[in-house]
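*Asks:* Okay, here's what each chain looks like letter by letter:
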Amino acid sequence: MQKDFKEKTQSVGAMEKRRVVMADGKRYLIYYTFANGEKMPDTEDLKLPEAQAQNSTAEEEKINV
Amino acid sequence: MSELRWNPLLGEWVATATARQNRTFLPPADFCPLCPTKPGGFPTEIPEAEYDIVVFENQFPSLSPNPPEPAIAGSELYPTGKSFGECEVLVYTPHHDSTLANEPVEQIYKLVQVWTDRFKELSALEFVKYVFIFENKGEAIGVTLHHPHGQIYAYPFVPPKIKQQIEQARKYQSEKGRNLFDDIIAEETKDTRRVVAENDSFIAYIPFFARYPYETHITAKRNVADLTAMNGAEQINLAEILKQILTAFDKLFNVSFPYIMSLIEAPSDGENYDFFRFHIEFYPPMRTAVKLKYLAGSEAGAGMFINDTLAEEKAAELRGLVEEVSWK
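As given, the protein sequences belong to chains U and Z, one line each in that order. The first sequence maps to residues 84 to 148 in the numbering used here. The second sequence maps to residues 71 to 398 in the numbering used here.
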């Protein structure tokens, strides 16, 4: 039986992104991962809250520079 | 060297990017820069393997946020400009030998969400006026890396072909009082011969005016101008119709079908584009199992395409290969 819209969305899960600085120290790279059903996604909010994303970026950049 | 040079004959910019002459060209799988770096292996662009989709700035960009000064001084007739913009590479999957057509619909749905996120982020950059998401697939198109991937070019101006479509749509709305894309969808729905696939949110068809034998458009039924205007159901329906079309392409001649895929959306310059419509255009070069369509004199020289086939016949071939999409 075909999945409905909500089941399809939940089977993929919420989108998360993690931004890092590449080995050349200049370019950025963003890893996109999906929870694959482990989290219940809110279809209106498929990414990390802005403040959390910015903190995550700052930490990654500090590590990789 | 990287710069914009003005073409006074056509009234458009050309970008020079000499660093691209030496970019990686068809490396063996063991040396693919888009594969995740293996333990003890040579370092690729992607250090980690745990991801669904990766996006990074192109190592050989045509446009960049901090471009150099033009290599040559311009003149009144030939102005030059700094090649502002952004060029990103989107790696669809960690798996080197896959293609977007071979990926499950779940992965394509993830890609739609990544496209949307990239479009939103790049559109917000002050120097970006147009975000162009595309894929070059196959050696016949000129692809230099086989690992499944697409690209995004964020331009500092609206590029010429998009500008032409926008002006046509604006003129149509102004003169007829109706949306051009609504009328195209109505005509294709009434005629049916060129429709390849359809769902609640999108219709895929070979256009009446197709320039390539299997040129296929996927157009949004609701008046959405770009990815960010889509709702959740439309994102899912886009993933499903893409899976259907890409799979049908591969079945045509039982080969991994080469194509250029272009996402055509409204500009990011802050103007009103409520007369324009999100749609995808595919330009596949194959006209038979063994023959390619080349852009020769009439196309490249005069801008007039000659199509050796009938859209209605080619649409019937594709339509017969479309299958229902299954989610895991």
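Treat the hints as calculated values from the structure; they're not laboratory data. Misleading hints may appear alongside valid ones.
Pairs of lysine-lysine, DSS-like flavour, derived with a Cα cap of 30 angstroms [said to hold, decoys possible]:
1) K86(U) with K291(Z)
2) K199(Z) with K109(U)
3) K291(Z) with K231(Z)
4) K361(Z) with K398(Z)
5) K246(Z) with K291(Z)
6) K108(Z) with K100(U)
7) K246(Z) with K260(Z)
8) K231(Z) with K152(Z)
9) K199(Z) with K231(Z)
10) K199(Z) with K86(U)
11) K231(Z) with K260(Z)
12) K199(Z) with K246(Z)
13) K321(Z) with K199(Z)
14) K233(Z) with K246(Z)
15) K398(Z) with K86(U)
16) K89(U) with K361(Z)
17) K100(U) with K260(Z)
18) K100(U) with K246(Z)
19) K152(Z) with K109(U)
20) K89(U) with K100(U)
21) K291(Z) with K398(Z)
22) K100(U) with K86(U)
23) K291(Z) with K233(Z)
24) K231(Z) with K246(Z)
25) K190(Z) with K109(U)
26) K86(U) with K190(Z)
27) K109(U) with K108(Z)
28) K89(U) with K190(Z)
29) K152(Z) with K108(Z)
30) K152(Z) with K199(Z)
31) K321(Z) with K241(Z)
32) K260(Z) with K152(Z)
33) K89(U) with K398(Z)
34) K100(U) with K361(Z)
Note that the structure is a prediction, hence the values are computed from the model and not measured.
*Asks:* Look at each hint and say if it fits the structure.
*Replies:* Structure-based check of each hint:
no.: 1; hint: K86(U) with K291(Z); verdict: holds, 22 angstroms
no.: 2; hint: K199(Z) with K109(U); verdict: holds, 23 angstroms
no.: 3; hint: K291(Z) with K231(Z); verdict: holds, 22 angstroms
no.: 4; hint: K361(Z) with K398(Z); verdict: violated, 37 angstroms
no.: 5; hint: K246(Z) with K291(Z); verdict: holds, 19 angstroms
no.: 6; hint: K108(Z) with K100(U); verdict: holds, 22 angstroms
no.: 7; hint: K246(Z) with K260(Z); verdict: holds, 19 angstroms
no.: 8; hint: K231(Z) with K152(Z); verdict: holds, 21 angstroms
no.: 9; hint: K199(Z) with K231(Z); verdict: holds, 14 angstroms
no.: 10; hint: K199(Z) with K86(U); verdict: violated, 39 angstroms
no.: 11; hint: K231(Z) with K260(Z); verdict: holds, 28 angstroms
no.: 12; hint: K199(Z) with K246(Z); verdict: holds, 28 angstroms
no.: 13; hint: K321(Z) with K199(Z); verdict: violated, 38 angstroms
no.: 14; hint: K233(Z) with K246(Z); verdict: holds, 20 angstroms
no.: 15; hint: K398(Z) with K86(U); verdict: holds, 9 angstroms
no.: 16; hint: K89(U) with K361(Z); verdict: violated, 44 angstroms
no.: 17; hint: K100(U) with K260(Z); verdict: violated, 43 angstroms
no.: 18; hint: K100(U) with K246(Z); verdict: violated, 44 angstroms
no.: 19; hint: K152(Z) with K109(U); verdict: holds, 19 angstroms
no.: 20; hint: K89(U) with K100(U); verdict: holds, 22 angstroms
no.: 21; hint: K291(Z) with K398(Z); verdict: holds, 27 angstroms
no.: 22; hint: K100(U) with K86(U); verdict: holds, 26 angstroms
no.: 23; hint: K291(Z) with K233(Z); verdict: holds, 22 angstroms
no.: 24; hint: K231(Z) with K246(Z); verdict: holds, 22 angstroms
no.: 25; hint: K190(Z) with K109(U); verdict: holds, 22 angstroms
no.: 26; hint: K86(U) with K190(Z); verdict: holds, 29 angstroms
no.: 27; hint: K109(U) with K108(Z); verdict: holds, 22 angstroms
no.: 28; hint: K89(U) with K190(Z); verdict: holds, 24 angstroms
no.: 29; hint: K152(Z) with K108(Z); verdict: violated, 38 angstroms
no.: 30; hint: K152(Z) with K199(Z); verdict: holds, 15 angstroms
no.: 31; hint: K321(Z) with K241(Z); verdict: violated, 39 angstroms
no.: 32; hint: K260(Z) with K152(Z); verdict: violated, 48 angstroms
no.: 33; hint: K89(U) with K398(Z); verdict: holds, 14 angstroms
no.: 34; hint: K100(U) with K361(Z); verdict: violated, 42 angstroms
Hint compliance for this structure: hints 4, 10, 13, 16, 17, 18, 29, 31, 32 and 34 are not met, and every other hint is.
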